[in-house]
Amino acid sequence: MPETLKETTPDPTVEATAAPVPAAAAGKPRSLWSDAWHDLRRSPLFVVSAILIVFLLVMAVFPGLFTGADPRYADLAHHYLQKPKWGNFFQEDWFGYDIQGRSIYARVVYGARASIMVAVVVTVLVTVLGTVVGMLAGYFGGWIDTILSRVTDIFFGVPFILGAMVVLTSFAERHIWVVILALAFLGWTQIARVARGSVLTIKQADYVMAAKALGASTTRILLRHILPNAIAPVIVVATIALGGYISAEATLSFLGIGLAEPTVSWGVDISSGQEQLRNAAFVLIIPSVMVSITVLAFIMLGDAVRNALDPKLR
Amino acid sequence: MAELKKEPVDATPNVAEVGTVNAATEAEAVAAVDAPVAQGEPILQVRNLVKHFPLTQGILFKKQVGAVKAVDGISFDLYAGETLGIVGESGCGKSTVAKLLMTLERATAGEVFYKGQDITKLSGRALKAVRRNIQMVFQDPYTSLNPRMTVGDIIGETFEIHPEVAPKGERRRKVQDLLDVVGLNPEYINRYPHQFSGGQRQRIGIARGLALNPEIIICDEPVSALDVSVQAQVINLMEKLQDEFNLSYLFIAHDLSIVRHISDRVGVMYLGKMAEIGTDTQIYDHPTHPYTQALLSAVPVPDPDAREGRERIILSGDVPSPANPPSGCRFRTRCWKAQDKCATEVPLLAVPERFRASDTPAAHESACHFAEEKDVVHAA
Amino acid sequence: MTIIDKTADVPAPRGSNDESGPLLEVRDLHVEFHTRDGVAKAVNGVNYNVSAGETLAVLGESGSGKSVTAQAIMGILDMPPGRIPKGEILFRGQDMLKMSNEERRQIRGQKIAMIFQDALSSLNPVLSVGYQLGEMFRVHKGMSKKDAKAKAIALMDRVRIPAAKERINDYPHQFSGGMRQRIMIAMALALEPDLIIADEPTTALDVTVQAQVMDLLAELQRDFNMGLILITHDLGVVADVADKIAVMYAGRIVETAPVHEIYKRPAHPYTKGLLESIPRLDQKGQELYAIKGLPPNLLHVPSGCAFNPRCTMAQDICRTDIPALLPVTERDGTELVGRGSACHFWKETIHG
Chain G
97 MPETLKETTP DPTVEATAAP VPAAAAGKPR SLWSDAWHDL RRSPLFVVSA ILIVFLLVMA
157 VFPGLFTGAD PRYADLAHHY LQKPKWGNFF QEDWFGYDIQ GRSIYARVVY GARASIMVAV
217 VVTVLVTVLG TVVGMLAGYF GGWIDTILSR VTDIFFGVPF ILGAMVVLTS FAERHIWVVI
277 LALAFLGWTQ IARVARGSVL TIKQADYVMA AKALGASTTR ILLRHILPNA IAPVIVVATI
337 ALGGYISAEA TLSFLGIGLA EPTVSWGVDI SSGQEQLRNA AFVLIIPSVM VSITVLAFIM
397 LGDAVRNALD PKLR
Chain L
174 MAELKKEPVD ATPNVAEVGT VNAATEAEAV AAVDAPVAQG EPILQVRNLV KHFPLTQGIL
234 FKKQVGAVKA VDGISFDLYA GETLGIVGES GCGKSTVAKL LMTLERATAG EVFYKGQDIT
294 KLSGRALKAV RRNIQMVFQD PYTSLNPRMT VGDIIGETFE IHPEVAPKGE RRRKVQDLLD
354 VVGLNPEYIN RYPHQFSGGQ RQRIGIARGL ALNPEIIICD EPVSALDVSV QAQVINLMEK
414 LQDEFNLSYL FIAHDLSIVR HISDRVGVMY LGKMAEIGTD TQIYDHPTHP YTQALLSAVP
474 VPDPDAREGR ERIILSGDVP SPANPPSGCR FRTRCWKAQD KCATEVPLLA VPERFRASDT
534 PAAHESACHF AEEKDVVHAA
Chain Z
-9 MTIIDKTADV PAPRGSNDES GPLLEVRDLH VEFHTRDGVA KAVNGVNYNV SAGETLAVLG
51 ESGSGKSVTA QAIMGILDMP PGRIPKGEIL FRGQDMLKMS NEERRQIRGQ KIAMIFQDAL
111 SSLNPVLSVG YQLGEMFRVH KGMSKKDAKA KAIALMDRVR IPAAKERIND YPHQFSGGMR
171 QRIMIAMALA LEPDLIIADE PTTALDVTVQ AQVMDLLAEL QRDFNMGLIL ITHDLGVVAD
231 VADKIAVMYA GRIVETAPVH EIYKRPAHPY TKGLLESIPR LDQKGQELYA IKGLPPNLLH
291 VPSGCAFNPR CTMAQDICRT DIPALLPVTE RDGTELVGRG SACHFWKETI HG
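Chains as they are written, first to last, in my numbering: chain G, 97 to 410; chain L, 174 to 553; chain Z, -9 to 342.
Wrong hints could be hidden among the right ones.
[What the hints assert, rightly or not] Take a look, some chain G residues computed to stay more than 10 angstroms from chain L by CB distance:
#1 133
#2 273
#3 325
[Claimed, not checked] Coverage of chain L stretches by chain G, computed from C-beta distances (three or more under 8 angstroms per stretch; other residues unrestricted):
#4 280 to 294
#5 315 to 322
[Stated by the list, open to error] Some chain L residues flagged as far from chain G (calculated, every beta-carbon gap over 12 angstroms):
#6 514
#7 528
#8 545
Everything labelled a hint here was simulated from the structure, so no lab data went into it.
Cβ coordinates follow ideal geometry from the N, Cα and C atoms, glycine included.
The shape of chain G in the complex, shown without the other chains (with noise of 0.2 angstroms):
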């Protein structure tokens, strides 16, 4: 080695503070998170889809703040299946009205409420039950993964609608709840799928090493380590599939055994409105765009997640 450069170990404070690295050099910490925010905010899919959520979200909070009419009023006599008055917006009469004389608009506004409030306790349910088998599954492997793996494609080999049926025909009584519960049931193999498939990958992780080799508790390894950089592609599927839920709310009421009457429902109308399809058709479309709107509206939130969180742009 020349004697000419004699230089040892730089002054590690000055290495450091004298050549900042990339983003270090930005200045802020920045988690993966507030990555994914500041990407979201900049996507088009996402500000629509939001914008979208939101408005329904306060629609099924506040529906009285979009209409004054009551959904269950029926007149008979002066509006019976009257046509939709498209210029009248916000107006009772804008979507015209149903076989017993009831407001379509009010009864969308309304009808949200327990259409999303489905949606999202199944979604929540799911989730939570997901997530726990799959990361219990994936984490210990062994017979405990063997054990939920084969309960999980148990349920999995159910078909969620015929499954459904089944479950909600064996309720007298089809309250919210049951509709609700029943769903859950059904549903959350695939996040439970998602989640151990996470898992796998995550447990593999040297930081999952680092913390057992600290001899970090099992809890927090699972709950610090494994859990928050599993959730992200569960997240993805269950706001696309909290969509799949509105939608399955829609076709289980079509059918008569979802949720049923008087519950305001855009299945419950969709389900009334197919008798009429001849001579207004009105009545079936408008409850049938608002579930397709709002099913959009999540699986589109859903993508715009996806890509945000997408490690591979990271």
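Chains L and Z: place on chain G using the hints.
Quick look at chains L and Z alone, frame taken from chain G:
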């Protein structure tokens, strides 16, 4: 494991008898683990360590159809304050040794004595105390740090797991001190790993390893994922820390030049067995095992003139599968010296007979029936 | 051994009249990537050339632009986000950047082939290696299945895969790392290209296997008189096989030299620092020399010489003026053939 019994397990006449401690209670075990060890005394003693990974078939009813013999009976000592380098190619079991010493994997057989305590048999509080004293630095700085946690959380987690090391109020300051020690700006405490370069991440990994004031750090390829110009920085840092904190390193790597630079002693592994072990001069300048010689001669040297005078031994073929290793000497299928004896008799890791009397540097442990000295590193 | 004989239906190389000129010439190539955080300037004016039978080693660390340059040559850059705002890539005198996609496709694979670091992910896991090798002959040369298979076996023999005939129907995962890299080499060789670009071909392999594969590559290059661009970060591998070296830093070539000279007398502080920071195998060193600081962020390449924040010799001029790659001469002014350095103080660096 019938297979195991057929082969004679390496007798290790040159490894000192282990002074075991029989702790009756957990408290005694913890006390034994926390006792200091004098410089130059063995701090970690590995005896006939074996790890077989079972190969299974079937989904519901698994049955074992074989085993990958990742580590198949190795013994060595790590002395306080020294760096023991372990070299070998992929699949030789060197990373499994690291995991066994960290008790991240359960040994199939054999013992690892840390201050006289067999850590393969410990659990609970005593094991946690051992873990505080044996830490690890991982190969890949990109996967060894949890991307969802800040640097402060990553290093600070060690104190959450071992709260007795630092009281709650002091933790943040301790983390900042550690960042300073490894040459990072303490203000970076709230940043996330992806905001750092590979070299800086490895410094974070080292800070985490240092946090508990361990006595031993096991380094599994700590610089192989880094750029050449950054490798030297990290190596220098590790040497500085060793002096400062009186650490013992077990330095596992495939880069023979770096291992020579940092190690006091070097062990060469091949297919789960130790082929040769000795001081760095003994191994690099006076290798006696043909595998070591081939390995050294194959290293591309960044000096065309030096290279032209060197003899190059190009081995044929690949490393055999550890699931089905050759009988006798594991290296015989690629060895140019192999004879019938090599297929039937497992060579023991011992100082070869012919060198035993003399005082040459070739007199170090080598597991070859036909050990002879050959300088392959220096130009002829 | 003529395993791969020239067949008549291979079009004659374009511009083959100027055999004397370089096979491939890269002129003032710029590549940038448009990312969320700004424009990353990966390649900032690279010039190099390779002739038939010559090995050029492009040496650099991650982010130096060595691989991006190769991808630009192969036409496999992701565009967007990648963009080539400036530069020429001349293959036998013709600018490939101005060619149609079809013309480039004709060159890619047939005239210029590439070997990647990770052979496992570069081979299709669901097709047998024999099928993948034979595909080259079936698609590009219109051979029958049987002939293509025979060719594939011959090719596997050529890259010394033992028992080629029996292993022809095996899948990539059934081969070891070294054998897979041989298959990659066989695929690159299949159409007898004029130029092979090898991007870290042995980095993923063990030392003993590395030597085998490098030897094979060098031997094949000699036999077929191909040009070879070897992209690597390993100064040792370079010393073994290259004829000349181009050292890259932050998207520029900072030093060029015939291989023997660069190790003896580097003319750029970066090269010098790299050579000194590698521990030696044949002697126990003292503390390692370490280049201080970190490789540059391509979003904010330092002004002037990109190496200036890490350089021990940096002066004010280094922070303002980008040094050009100038010829390096002896003290008395005699030119050192093939040597160049992009340093304001190359004289001080090489002559001490």
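Going through the hints against the structure:
Here residue 133(G) stays apart from chain L, with its beta-carbon at least about 14 angstroms from theirs, past the 10 angstroms limit. Chain L leaves residue 273(G) outside its interface by the beta-carbon criterion, the shortest separation being 35 angstroms against a cut-off of 10 angstroms. Separation of residue 325(G) from chain L is inadequate, the least Cβ-Cβ distance of about 6 angstroms not exceeding the 10 angstroms criterion. Requiring three or more residues with a Cβ within less than 8 angstroms of a Cβ of chain G, the coverage given for the stretch 280 to 294 of chain L is violated, as only 0 such residues are present.
Here the stretch 315 to 322 of chain L counts 7 residues with a CB under 8 angstroms from a CB of chain G, which clears the bar of 3, and the coverage holds. Distance check for residue 514(L) against chain G: the nearest CB is about 41 angstroms away, which clears 12 angstroms, and the non-interface claim stands. With a least beta-carbon separation of about 34 angstroms from chain G, residue 528(L) lies farther than 12 angstroms from that chain, consistent with its non-interface assignment. The Cβ of residue 545(L) sits about 34 angstroms from the closest Cβ of chain G, beyond the 12 angstroms cut-off, so the non-interface label holds.
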